[in-house]
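As you go down the protein sequences, you meet chains A and B in turn. Going by my numbering, the first sequence opens with residue 1, and the numbers climb by one from there. Going by my numbering, the second sequence opens with residue 1001, and the numbers climb by one from there.
By construction, these hints were calculated from the structure, which means they are not laboratory data. One or more of the hints may lead you astray.
Stated by the list, open to error - Derived, one-sided and incomplete: chain A residues facing chain B with beta-carbon distance under 8 Å:
id, residue
1, Asn117
2, Arg121
3, Asp123
4, Ile224
5, Arg231
6, Leu272
7, Asp274
8, Ala291
Claimed, not checked - Here chain B is said to cover these stretches of chain A; the calculated rule only asks that three of the stretch's residues, wherever they fall, bring their Cβ under 8 Å from a Cβ of chain B:
id, region
9, 177 to 188
10, 213 to 223
Model, not experiment: these values are computed from the prediction. Built from N, CA and C at the ideal position, the CB exists for glycine as well.
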Amino acid sequence: MGGELGSRVTSLLEEEPWVGSLEGIDADPPRRRLHRAVFHRIVPGQHDRIVEVVKKFNPHVVVHVAVWEPHSRAAPGVARDLTDDAATSILGAAAECRALESIVIRSGIEIYGRARNSATRPDEDTAINPTTQYGRMVAGIESTARRIGDRIGVTVGTLRLGTVVGAHVPSPLGRLLRMPAVPYSALADPPFTVSLDHDAANSFVAAARLRLDQPLNIVAPGAITALQAIRRGRRLPIPLFGPEWAIAKTVAYLMGAPIPDHVIEVLHRGRLADGARAREVLELAPTATTAEVIDQLYSWPSVVRTPARAAVA
Amino acid sequence: MARDATARDSVAEVIQLPARAAARANARGVSAAGDLATRAASATTSTARTGIESLMRWTHNAVDDWGRDARLSDRIRSVSGLRWDVMIGGQHHLERVRGGLIVVNSRRFSLSPIWAALHLGRALDRPVRFVGRPDIAPAGPALQRLGGLLSDPAELTRVLASGELVVLGAATTMSPHRVGVVDHLLVGAAVAAKVPVFPAATASSSLQRSARLQIGTAVPVNRRRRGPLAELELADDLAIAIGTMLDEFTWNGWLLS
Chain A
1 MGGELGSRVT SLLEEEPWVG SLEGIDADPP RRRLHRAVFH RIVPGQHDRI VEVVKKFNPH
61 VVVHVAVWEP HSRAAPGVAR DLTDDAATSI LGAAAECRAL ESIVIRSGIE IYGRARNSAT
121 RPDEDTAINP TTQYGRMVAG IESTARRIGD RIGVTVGTLR LGTVVGAHVP SPLGRLLRMP
181 AVPYSALADP PFTVSLDHDA ANSFVAAARL RLDQPLNIVA PGAITALQAI RRGRRLPIPL
241 FGPEWAIAKT VAYLMGAPIP DHVIEVLHRG RLADGARARE VLELAPTATT AEVIDQLYSW
301 PSVVRTPARA AVA
Chain B
1001 MARDATARDS VAEVIQLPAR AAARANARGV SAAGDLATRA ASATTSTART GIESLMRWTH
1061 NAVDDWGRDA RLSDRIRSVS GLRWDVMIGG QHHLERVRGG LIVVNSRRFS LSPIWAALHL
1121 GRALDRPVRF VGRPDIAPAG PALQRLGGLL SDPAELTRVL ASGELVVLGA ATTMSPHRVG
1181 VVDHLLVGAA VAAKVPVFPA ATASSSLQRS ARLQIGTAVP VNRRRRGPLA ELELADDLAI
1241 AIGTMLDEFT WNGWLLS
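Use the sequences and the hints to build the structure in full.
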């Protein structure tokens, strides 16, 4: 509930007529003003406190959004530990609740992996074969949730999000694309797709309402290549061919836009997914295409400097 | 009168007439050679800027859901016109078809599926993809921009089910009169996606520009078969149909080979 996506999902759930009481847990306070929801500030490692709070609340539906994308808000190692802790404690605690009917979890299209000869545009039936750390993290969450669902007999809906990009959303891909000079693979420059944070949040609400019981890909329609994205943002494209990537990664890290392995994979191998089934099942039309999401990424002001109204001695 | 003169001066300021600009430059003590150099530098900068802007406009493309770049495909097709002068027949069979698989024969090194897809796309005014891109840079992503797909039945099923036209090449042969083996697993993708399958005969010359693509009527699937025999029989029927069409071609001696 503390992250940008979690706060947005909560604010949308507050407006839903079918939602009674609403409670959330996160290590960080909510990014938005919430009216009905009760927030508990607990770090993911405090299993006992989480179990106590969740059991006391006894929810009908659990929406698990606590996924730390590497280098979005935490370094890859910390992100992995936080994600594992949150999945274990929150889903484990939810399993103890008698009233539980449905679990909706956040996953990512990184779960399909981009191994050689893997599907160009995988749908939900494509076998998963994660090839990056983030892909393995979300595969772990899906596996945990599925096991719990089978064990206690509740539905488990999985939303496999494309790279979430949106205003204030901490995303390593978004950060990289907004740099003044952006490296891209000159030999490949493959297409990729993204998700708008607003569409992703709407999908969680719809999945919770429908008690979703299957995985769905949540991606914006269309695709874009890194060079095309750089061109739309009027950034300086830097074509790279191979060994220079190590230098580019270091420079990007020093400039405040570290590039994790799943973003490197996007730039070298691309990342597409078929989101047709989600539109059909959730009956949601995406509000923006991939190109429009990228345009919005570049239209957000970098730093707004407000001068002081009066000089202070 | 003085006011008019002032107005004229201000207009000249805005327009920056070259004579007046030169006069002012001379007045400031700039030598004629320096002025020439400045002008040359300015012209070069302007040309470079125009060139960069043109290049940026020319490369400002977009890709679709499967990574095909329509504008790049059009340009490559235009360039390929220097190599192949393609005559297409039987395209009316595809005009009302939403998704469909077109199986063509392929002489070795003729690139038949690629030019067939590019030129058929132009004739039908809709994207036509082809099967058989490698999944390795730079060839794989480059062919993906032109509509290339992996030779994977699952991927082909998804593309066909989403209403796309796809060209599939039979196994390559040395003789242009013969049809290679049609991959029944890939043909099975069309059966799974429930889309029609069309045979198409191609012929192109190694030395001349003449090339021909003739599309036949859809080959029906044997619905009585419940297993993979349906696909095997369909693949055989397609090879026979393409062979029959090749026999009907008027061969132009050894040049059309």
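Each hint, compared with the structure:
no.	hint	verdict
1	Asn117	5 Å, holds
2	Arg121	6 Å, holds
3	Asp123	6 Å, holds
4	Ile224	7 Å, holds
5	Arg231	6 Å, holds
6	Leu272	7 Å, holds
7	Asp274	6 Å, holds
8	Ala291	6 Å, holds
9	177 to 188	holds (count 3)
10	213 to 223	holds (count 3)
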